[in-house]
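**Student:** Each chain, letter by letter, is given below.
There are 4 protein chains.
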Amino acid sequence: MIRTDLAMEAAQAAGQIAGVEVMNDEIRPGVSRSRVTVLNEEGERAIGKKKGVYVTIEAPQLAQGDAEIDEGCTFALANEIRNMAGEALNGVVLVVGLGNRMVTPDSLGPAVCDNVFVTRHIHEYAPEGIDRRLGNVSALAPGVLGITGIETGEVVEGVVEHIKPSLVIAIDSLASRSLERVRTTIQIADTGIAPGAGIGNKRKALDKETLGVPVLALGVPLVVYAATIAQDLMQTAMDKTPSDVNARSSFQRILDAMQDVQGADMIVTPKEIDKVVSDVARIIADALNISLNKDMTIEEVRRYMH
Amino acid sequence: MIRTDLAMEAAQAAGQIAGVEVMNDEIRPGVSRSRVTVLNEEGERAIGKKKGVYVTIEAPQLAQGDAEIDEGCTFALANEIRNMAGEALNGVVLVVGLGNRMVTPDSLGPAVCDNVFVTRHIHEYAPEGIDRRLGNVSALAPGVLGITGIETGEVVEGVVEHIKPSLVIAIDSLASRSLERVRTTIQIADTGIAPGAGIGNKRKALDKETLGVPVLALGVPLVVYAATIAQDLMQTAMDKTPSDVNARSSFQRILDAMQDVQGADMIVTPKEIDKVVSDVARIIADALNISLNKDMTIEEVRRYMH
Amino acid sequence: MIRTDLAMEAAQAAGQIAGVEVMNDEIRPGVSRSRVTVLNEEGERAIGKKKGVYVTIEAPQLAQGDAEIDEGCTFALANEIRNMAGEALNGVVLVVGLGNRMVTPDSLGPAVCDNVFVTRHIHEYAPEGIDRRLGNVSALAPGVLGITGIETGEVVEGVVEHIKPSLVIAIDSLASRSLERVRTTIQIADTGIAPGAGIGNKRKALDKETLGVPVLALGVPLVVYAATIAQDLMQTAMDKTPSDVNARSSFQRILDAMQDVQGADMIVTPKEIDKVVSDVARIIADALNISLNKDMTIEEVRRYMH
Amino acid sequence: MIRTDLAMEAAQAAGQIAGVEVMNDEIRPGVSRSRVTVLNEEGERAIGKKKGVYVTIEAPQLAQGDAEIDEGCTFALANEIRNMAGEALNGVVLVVGLGNRMVTPDSLGPAVCDNVFVTRHIHEYAPEGIDRRLGNVSALAPGVLGITGIETGEVVEGVVEHIKPSLVIAIDSLASRSLERVRTTIQIADTGIAPGAGIGNKRKALDKETLGVPVLALGVPLVVYAATIAQDLMQTAMDKTPSDVNARSSFQRILDAMQDVQGADMIVTPKEIDKVVSDVARIIADALNISLNKDMTIEEVRRYMH
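Residue numbers (our numbering), protein chains in the order written: chain C, 1 to 306; chain V, 1 to 306; chain R, 1 to 306; chain L, 1 to 306.
Rather than coming from a laboratory, the hints here were simulated on the basis of the structure. You may find that some hints are simply not true.
Chain copies aren't distinguished; within one or between two, either way the pair holds.
[Said to hold, decoys possible] 27 angstroms max Cα-Cα, derived DSSO-like pairs, lysine-lysine: (1) 275 <-> 51; (2) 50 <-> 208; (3) 164 <-> 204; (4) 275 <-> 164; (5) 275 <-> 50; (6) 164 <-> 208; (7) 208 <-> 294; (8) 164 <-> 50.
Here chain C stands alone, though its shape is the one from the complex (with noise of 0.2 angstroms):
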């Protein structure tokens, strides 16, 4: 059992087991679908996340230009987003983008909550003659840890509280196991944010439990840790070279540099992960645009927002 963000990786790891549920099939050409089930705690044991739906959509050439991909994550992530979220779009939808404004990759969250349309101010304060169409949605970068010195979870279990949504989806830049992953998929899973996930420090879950409304955990790989590579390639080292003295200590030479104190922080991301950044986090937004309201397209609702 690997650790990763990635409910699909795990699978993949564990291959055909009990308890777990895997469904492929490709969307259109350059973007396939996987749905992990997680059905029973035999398959949380199996592959070590929680019980639930876990979808991945993947597409090699997403952000890279290709409006027809990009546009077709959009459908597919609106047509999730409808499907695990149910009856709870007719109420209140806070979004949370989670995540740090001032680092770039990991600023995701923060960038989608930018392009989200906003309307649940109208639905308070001025409701009449409004649009039928415009769902109630609210938008909340909490900030991290480490610049508000408030727990992410206390902050965001504070507005719930008072604002009393009937759903949560919480947006996430994600951290990899594989480099292929990176910028290339986006995961949604109908069972909240675990605790330590995402590229920050989350010490506390952000779930049905912990805010008692239904919590979706929306996520992209947009980096992997320089010492989670290290690591990889050492175990392959070590198992691989089991005898051979002067291979080991070459290998551990170069890879040492990677998760050294240096290293600790050091990340493997797109050179141009400000652009990769901006444009995710459009395509992300764009998806909740049409499914957090009904019946718009997405041209309807940006000639909204302005």
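Since chain C is already given, all that's left is putting chains V, R and L on it; use the hints.
**Tutor:** Chains V, R and L alone, transformed into the frame defined by chain C:
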């Protein structure tokens, strides 16, 4: 009685009056201080401000590159914070940065939060061996209603209930009635923030009644609404040329543009408002950093923060 | 003759005059166009503008969220660029974004550069198989004198000598005399940019004489100097209340604040200037992108750019 | 001979060789200096670097909040600038900030420009009563080819021809071969910048030959390309496990991801790269500000700049 965010302006307009004490002194060359104390309901009615202490630090050369003036304001402000907060500084302090990060003249609050030395999480999660001079400081920039769909007061109330601070210090960009106050005046009051104050729209007060803990309100005028200036000029024109129809219609034409549909959003502000916000935010954050921690210089705090 | 960046304002002030032709038409509901042609030296003297064509596209609802208005302005502007540039569009075009990226109201030029589809390097370094619809476009934001220590004109001249464009298009934030023009007017002229125009200080002209190639100047008024408004009001007060000493001194007091040491840097501008600059920059960049390339829609260019 | 931007790495790889002098010393605890002098063509061939002096200032704790280390680097760097520049400091100095402002790891050059004290325009336009300690400094961030369509060298050449500086100092983000150098090393050389150096693509050299004036090149490694690490590991695997097919194919799989289509754009960089760039830019700008002006402290320059 004129309507203004600044108690000093209100008191000046009212003249010497029962229920209000005014004290002025010069702190150092170029920096003066005005303290308005509203003693009772009579005073409240007279100047339209809640019972409490309102201190205004004035420096015409504030944030214009004179390091001594800026430091003088920092120290003066730190003193007022210490005086007003008293014992409350020994508990958890929550700094709230009001306003909209994306609207430059309204971004003072979030900019201050970015520069405050946040330490609450160290006390919570790594208390062993902590420098005893450090305060217990948290900071939150909750966003504005139009961006989050959530009343600022709702976010702050929720967080206050969770982290139970002994003091809240709210920072805000202010709209002034007078161009002379823009960028030259720092106001701090122990009364909290009234609904509708500041550049953005607040519908709920942030004060001891709503939050259950003392609230210091700290603001700097950064804009005058063009419509306000137009009204003032119009009133003068009405008063001074009661029978000169031509004069009045000439003024009317010019002034209409300042308060028509377009003008409603027009502000008068320093051309270099980006730099003004950044400089004033640093001055206020320095004052917070040396008053919320004990026996530390600005330089010592800065070294800690990096 | 009043002093203004806008030829239309000058022509309106002058009335019907020899040497100047004025043509107005409505392009579509909400978008009108005014074309002022200064025919000869007589016209130059009459309105204080160089011989040439000055087109003003006016839309009171520009950049306020009405997508049809914004598109109407984009197409109208693209037409004028095509008309004024003519054959020069077949060569290398250099877009120059004047102004200071760090001063929001002065950042229109750099913001347009960020959104222009730049293609010159493809022609230079990867010409094989290039889409024949693509123009040959370069873009430069040379910064301002106070930031670089170098006159904008010196940077542009140096680059023009090296890349030898057939056309320069200079974009600038303008200061207007009139609040009504702020954010509602796009001016384009085939005369280049005169020294001292725009919000920043330019000491050298950017025109055919200095650069040796045709220069289109494209600008949008985004501020009025507070001192300008004060002067206008003062003049009106002087004219209309010549003998009313009290009235004049009352006005004087209010207006002084608008043009004193502080007021010299004060501008009147939309509160949401950050968003206004970003929206107007997109409109202008769209117009450039569809006029500098051939037979391409806005969407086609956007796909190319990502 | 390995390929690297850093002369020191090349010299270390080469060992003791004719035509190359290497000198190492410790400047203060935590800050050491390495000076590589390539004396002649023999040395050039040996380490693949042009004749000249390459100084590397190394501080493993650079930009990590230790003010004394950072100041030590600032002073050491300022000394090298003074030594290498000599008399050229008496004329106009042009600081060129290479790289892309919009790509965080490549934005060091523009960030330094934002913090350099620019004075040339004061000498030009307001020379009377100027502080005689002030240098004559200009600064330009010319953008990158993909953004401007113009070769950086073409912009710089054009400006150099116009303002005729006596010295150019080019600042750039570097790609290193070694993770240990990232954020810990400042290199300065009197040889200018070679084509293809730095993170972006430069096709033209910036040196005395192309510009006609001495060019100092100042760079800091901020990234390692993932593909570079993969190549190094691959080479080690090839060398050490020549006959172990399984081991090699296992490594292959992991490493492929680091240099495939996706991985080509992948970099290894500090997670907090935004802050690293801002801190390192301040250190370099401080060094420029105290070496390009005479007898001024960092604090004196900062007061001037505001």
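**Student:** Flag every earlier hint the structure violates by its number, smallest first.
**Tutor:** 1, 4, 5
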